[in-house]
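J.: Model the placement of chains B, C and D on the given structure of chain A, informed by the hints.
4 protein chains.
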Amino acid sequence: MAKLKWGMIGGGEGSQIGPAHRLGAQADGLFEFTAGALDHRADVGREYARRLGVPADRAYGDWQEMLAGERTRDDRVDLVTVATPNSTHFEITKAFLEAGFNVLCEKPMTMQVDEGEEIVRIAEATGKICAVNYCYSAYPMVRQARAMVAAGEIGKVRLVVTNFSHGHHGDATDADNPRVRWRYDPAMAGVSGQFADCGIHALHMASFICGDAVEKLSADFASTIASRELEDDAMVNFRMARGTVGRLWTSSVAIGRQHGFDIQVFGETGGLRWHSEQPNQLIYTPVGGRTQIIEKGEGGLHEDAQRMSRVSIAHPEGFPLAVANIYCDLADAIRGQVRDGLPDASDGLRSMAAVHAAVASAKADGAWVDARPPMFR
Amino acid sequence: MAKLKWGMIGGGEGSQIGPAHRLGAQADGLFEFTAGALDHRADVGREYARRLGVPADRAYGDWQEMLAGERTRDDRVDLVTVATPNSTHFEITKAFLEAGFNVLCEKPMTMQVDEGEEIVRIAEATGKICAVNYCYSAYPMVRQARAMVAAGEIGKVRLVVTNFSHGHHGDATDADNPRVRWRYDPAMAGVSGQFADCGIHALHMASFICGDAVEKLSADFASTIASRELEDDAMVNFRMARGTVGRLWTSSVAIGRQHGFDIQVFGETGGLRWHSEQPNQLIYTPVGGRTQIIEKGEGGLHEDAQRMSRVSIAHPEGFPLAVANIYCDLADAIRGQVRDGLPDASDGLRSMAAVHAAVASAKADGAWVDARPPMFR
Amino acid sequence: MAKLKWGMIGGGEGSQIGPAHRLGAQADGLFEFTAGALDHRADVGREYARRLGVPADRAYGDWQEMLAGERTRDDRVDLVTVATPNSTHFEITKAFLEAGFNVLCEKPMTMQVDEGEEIVRIAEATGKICAVNYCYSAYPMVRQARAMVAAGEIGKVRLVVTNFSHGHHGDATDADNPRVRWRYDPAMAGVSGQFADCGIHALHMASFICGDAVEKLSADFASTIASRELEDDAMVNFRMARGTVGRLWTSSVAIGRQHGFDIQVFGETGGLRWHSEQPNQLIYTPVGGRTQIIEKGEGGLHEDAQRMSRVSIAHPEGFPLAVANIYCDLADAIRGQVRDGLPDASDGLRSMAAVHAAVASAKADGAWVDARPPMFR
Amino acid sequence: MAKLKWGMIGGGEGSQIGPAHRLGAQADGLFEFTAGALDHRADVGREYARRLGVPADRAYGDWQEMLAGERTRDDRVDLVTVATPNSTHFEITKAFLEAGFNVLCEKPMTMQVDEGEEIVRIAEATGKICAVNYCYSAYPMVRQARAMVAAGEIGKVRLVVTNFSHGHHGDATDADNPRVRWRYDPAMAGVSGQFADCGIHALHMASFICGDAVEKLSADFASTIASRELEDDAMVNFRMARGTVGRLWTSSVAIGRQHGFDIQVFGETGGLRWHSEQPNQLIYTPVGGRTQIIEKGEGGLHEDAQRMSRVSIAHPEGFPLAVANIYCDLADAIRGQVRDGLPDASDGLRSMAAVHAAVASAKADGAWVDARPPMFR
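Chains as they are written, first to last, in our numbering: chain A, 1 to 377; chain B, 1 to 377; chain C, 1 to 377; chain D, 1 to 377.
It should be emphasised that the hints constitute simulated quantities derived from the structure, not laboratory data. Here the structure is a predicted model, which is why all the values come from computation and not from measurement. Everything hinted at is true.
Mimicking BS3-like on lysine-lysine, the simulated pairs with C-alpha atoms at most 27 angstroms apart in a straight line are: (1) B:K156 x B:K216; (2) B:K128 x B:K5; (3) A:K363 x B:K156; (4) B:K363 x A:K156; (5) A:K5 x D:K3; (6) C:K156 x C:K216; (7) B:K216 x A:K363; (8) A:K3 x A:K94; (9) B:K94 x B:K3; (10) B:K94 x B:K5; (11) C:K3 x B:K3; (12) D:K216 x C:K216; (13) B:K3 x C:K5; (14) B:K5 x C:K5; (15) D:K216 x C:K363; (16) A:K363 x B:K363; (17) A:K5 x D:K5; (18) D:K156 x C:K363; (19) C:K5 x C:K94; (20) A:K3 x D:K3; (21) B:K216 x A:K216; (22) C:K216 x D:K363; (23) A:K3 x D:K5; (24) B:K5 x C:K3; (25) C:K156 x D:K363; (26) D:K363 x C:K363; (27) B:K363 x A:K216.
Partner residues are not named here, just some residues of chain D that face chain C (Cβ under 10 angstroms, in silico): (28) G167; (29) A172; (30) T173; (31) I255; (32) E268.
In silico contact screen, one side only, chain A against chain C (beta carbon under 8 angstroms); selected entries: (33) R290; (34) I293; (35) I294.
Quick reminder that beta carbons are idealized off the backbone N, C-alpha and C, glycines included.
Excised from the complex, chain A in its bound form:
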């Protein structure tokens, strides 16, 4: 089976997310790295793309050039990954979708809610795939959790509690480092800092595992380092459509937490816990029973959890392979087999609606605010 052709915009040398996409696209041998516009400095980007094996004529200087170059080819790329600075996601994703390309967009998909709605409409109109990289949802044991909830194995979900808290921006003496500062500057990051950066991963996962949508929320934001305009710590309480109570804490000043993304889901007949630092295990407790450790690769897992694991039990699979799972599902989708669970434009839109709702709530002292995008109300 011939490989699919893949192109990336952004993700240049030294970027944090670029390697994850290249590993994700290539690990399973499903995509050939065929085109790229990897850097805002045209020459640098072209040279880096060539170094990574992209043919010289498809190593582009910017996304506009790539769009122009690829749209006219018979062998155009099957998938474009957008991994540029956040504020450009909307424009690029829109342009490629409209030109008939399938797109995987990094989060956040857009900066504004109406932009998000526009992307949703364009994706529908063109019939093209518009996926958003909520890659944590593609860990095998996250899929197991989702499938267990869907199968009623913990009963109706009462409560979901999730945290995405790290301490990597906790050093005030490093706050002016440009790699840190932009995240708290509205000119670059938009209306929200830490919640938009990490919180929406946690919020997406709550919806993803529960199979439910956030309806309303109440937020408490704090900028614990005085020079920051945007929040570096946030607590968001929420309610989902089926009544589930939600609690989400996110922080970038939690010194000592490395990658503190975890989720706990409590239903009428059981509880589940998952932690991104030990992603190959899912902790399950049936009501009145003992806590059990469910291992990636054990017998009898739900289908999605099996499909998304490559090596045998207790051989850990990590973050890059979760990204690879997104690419596996994209390859299937491009070939016509759409997999349930691939995060798409509606997820990207819901996140943006939640970000704006949280900002509004935080400004209103925690007043409860509708978190749904207008088009989904």
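T.: Leaving out everything else, chains B, C and D in the frame of chain A:
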């Protein structure tokens, strides 16, 4: 050195907290179990007290009888522990204080804020000790955390995050079990369920470690089991006097969490974590440095942490010995050496003010409410 | 019920094990600290005993004085704990047993195998209790493990693997510290260093949980710090009477391990794991099934595990309360209810036979040696 | 930069190790899957290779056909991976090396010591790369451990303790399953079962991290399931050239352990611990100091540890990316930059010598046996 004489009210056979107090009072050989009114059934209580070694003439039928019996003796008990149902704590504590006894009261000290203020005034007026059993604060590594904060070892505290969440009331089919039901019935539990039961331990510890007081809060309460009038899950955001941001989650429906009491304290130059299920370790991360495991019993701990440990490093000391540490400090206090950190009536009062503030906030959709007792504003 | 009268020999101020015995004897209110000869310096010991509440006339200058003083009293102590330097255990234990006292002896019970056999015979002849403080066996979850094995819940035991490895003697610059040095000096420690000090706890626990006896062993000893005559690291392979394969590693130079005592038991239909640093949990995996966490205090535990726990689930109970469980069983035994599982002189003897066998094996390059005491062959 | 051309022998559909090699070779975009003889059933293997994207004319029916086909091409594959049944590794590796191919051989490289010596000589003579897939050595934090030891950060190494124990062959009712049985059948597995299968990974890692070679060993083997001719549990004590004491336990009947590969290294001034189930952390304790958690991706790691990590701190990287690190080093080596630490034929040879030594020792009741290959004595 002769032992001090100790009496207990409540804590009868089969009670949960009674054994902890008996172990706590006796473990270090500081108190002799001298008097007791252990059960609301007079005969049962007398018989049980005698079985536990209390002299027959000081095995009382009820607290009034014990008060009458003890107040006239020359060898009256040096300390009375009040471990009766919550709604009686105020009345009994007040009576014994006024009669000149030192009291250790189980939490909550009172049901009402004004009652709490009254106890504070009586304790001041009589000069007697009125301690409240926030026993988690007497774990050696909690003391180490407090001392590190006080010494500036993590800088100004920006953020404190604490949880006290278990799942032992998560079974709806067991919700009518009287041992569970009363906690969610206002007639017995007062204005709050889970927050008043467990949340105030976490809130006390936040104040204790930070050396700071809660000023205002915003609460989101949920009764996830429909038959419950009071909350079984609560999220409380708060702010402390020195500006620290606080986040507190407490739940009794978090199925699979056994004793999920933990606290994280994040300052300008470091972070600390402590978990009650592994109480002999404190996790410390200096900003920009590696996470370190501080062990109970290691060299160089702060004085309080050393004093409150009995056996050598890595020999675990658990909950009963934390209670015993409270009794050690009480013995010192009775003999005139008042130890910093012994939780007292002002702590009991602050808790009750916070409970009422949280209830008011939850009813007002999370509005921010002053959490200070009137007398401390 | 009147308290039993308890006396201690050794365990003076600053000793490591003294506090554990005092807590153990007093925590449950079963024993009154009535007599003591606590220090080899007579005056120091008397003064310390009085400070701890021992009546002045029973604060003795040495064990001979205590023996003379107590044997003639009508109200003689019900139990004597021997916590003196190892080389004196035999002599003191023998003397008190022969005088009709019940004894709890610290390990090692003797230095020689024939001495051990003599103690066993004397205990039998006098009918007095001679217990040995293998206190780890009195943790509730160790009892649960033993009961599960006895009930066949993991099938025939194939394999037991246990470690007792710490790093507290790993600093060569501290090797001449008298508190460390004596353990590796044959003049004070006897034929074995680390194996006799810690290894025999692990070996006892293997026998205890499996309900089986060690038959033969092969040892590899190392003195990793050159100045040490005795071993600071040892590996012992063994076989038990019913064919179980055993593996035991013990070390005092394992820098970074604090209290690394753990045991794993693998049977035909399941496996168990327990770790002394988290003693309130037992990890159980049925063959072909998921790993489960068994919690101290959960419903349905075996009787011994229930009896030996004082406070509710997930409130940790630590080392001092394991020692207290030994004293609880001693109180019962003194009153005529002998509990299965109380470690006695035969355990002390088996340990000493194993120590001498291990030394012989290590000297013979790991040759397999009979580990049974002659009287049990 | 053009991709290198890669071929694989074995690793057919459903094999355990095949996916790890494909992920490893492709993840970083360094190798193109160009040729393969994947299955002992020629048609099945050809079809599977084509499905995986191998050109039809290089999808071979067996290794002989592949050797014949590739050796005459100008664009012959740059690297051949040998992932066939163990007993064929020698023959295939020899043939490809002699034909001038670079080879990555699965472990064990050979079944006999003299075969191993032959491979070493051929590799030297041809100047071709002969790597052996001790892939655990390519985890970033294993490299960090090795570099710390080399830099003297824990002083002279006194002791190394390693385990590779799982329970996946612990079910006697599954012992006749062909996927399990062959490992304990000398006709297929050779002289050793579990030690040759898993133990040699642990033994390699001990040498790898310590930068030292095993000199002699003493083994205790057990077949805990009666029908097994070869051992399913083994303990091996060893000594290294610089005097380090070694202890290695390996088991396949340790029910409940999933992937229990861990290593502890204790030196004069510090200790290190690493566990394959949490491979992104290295636990370090300086003598007299606190235990520290070293995280993959943190600042200041040794060069190899940095180079072998792809995504930022606390984003876990797992087993497939450790294999990918082997392929990265192979790509560098093929292009002329030989990396220190790539496991090669001498490692494969040393393992086989250790296996035969352990078997001999076990048969001689644990007698100490020279574990070095004759050519390295």
